[in-house]
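With these hints in hand, go ahead and build the complete structure from the sequences.
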Amino acid sequence: MTVLLLAEDDEDTAAILVHVCRHAGLTVFTAADGVTALEMVDASCPDVVLTDLVMPGMDGLGLIRAVRSHRTAAGTPMVILSATDDPVLATTGVCGVLLKPCGNEQIVDTVERLAIRGPHEHSRSGAHCAALQPARA
Numbered sequence: 001m002t003v004l005l006l007a008e009d010d011e012d013t014a015a016i017l018v019h020v021c022r023h024a025g026l027t028v029f030t031a032a033d034g035v036t037a038l039e040m041v042d043a044s045c046p047d048v049v050l051t052d053l054v055m056p057g058m059d060g061l062g063l064i065r066a067v068r069s070h071r072t073a074a075g076t077p078m079v080i081l082s083a084t085d086d087p088v089l090a091t092t093g094v095c096g097v098l099l100k101p102c103g104n105e106q107i108v109d110t111v112e113r114l115a116i117r118g119p120h121e122h123s124r125s126g127a128h129c130a131a132l133q134p135a136r137a
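Numbering follows full-length UniProt numbering, in which position 74 of the sequence shown is assigned residue number 74; successive positions increment by one, without gaps.
Where hints are given, some of them may not hold.
Stated by the list, open to error - Here are the simulated distance ranges between beta carbons:
no.: 1; residue 1: ASP109; residue 2: THR13; range: 15 to 25 Å
no.: 2; residue 1: ARG22; residue 2: ALA43; range: 13 to 23 Å
no.: 3; residue 1: GLU121; residue 2: ALA15; range: 29 to 39 Å
No lab work stands behind these hints: they were computed from the structure. Positions of the beta carbon are idealized from the N, C-alpha and C atoms, including for glycine.
This is the structure in structure tokens:
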């Protein structure tokens with residue numbers, strides 16, 4: 001079963017995402033800030049991390065940097081979920097950026113595809129992650 005770590009400080013948004021992801025069969029752990037999320041990376045060994053950008057304490061970008069330098073979790077697939085459509089976000093070492101509002105199916109599909117791909121290197125070039133590219137015929 002896929003394990004998702006959701007870093008989201010908005011309680012309503014987190015509750016909706018947890019419901020959607022659990023309904024799809026995912027195991028979901030939540031954190032309301034980057035510091036707690038980083039602690040949970042060690043505790044829950046997530047297959048994928050889905051993070052908001054703006055959170056108290058350590059923000060989403062700080063969480064991404066911390067996970068990318070983590071001794072055992074550096075290859076964990078990470079996705080930003082944000083209302084900010086900034087091309088610079090693609091250069092942060094994440095697999096992708098999902099823009100709010102985002103469809104439930106797109107969120108679940110992204111998490112499942114990244115979980116299947118598993119840990120891998122992440123480019124900071126802004127190129128899209130190969131795990132999220134459409135399958136070739």
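Checklist entry - So which of the earlier hints does this model not fit? => result Nothing - there is no hint that the structure violates, so all of them hold.
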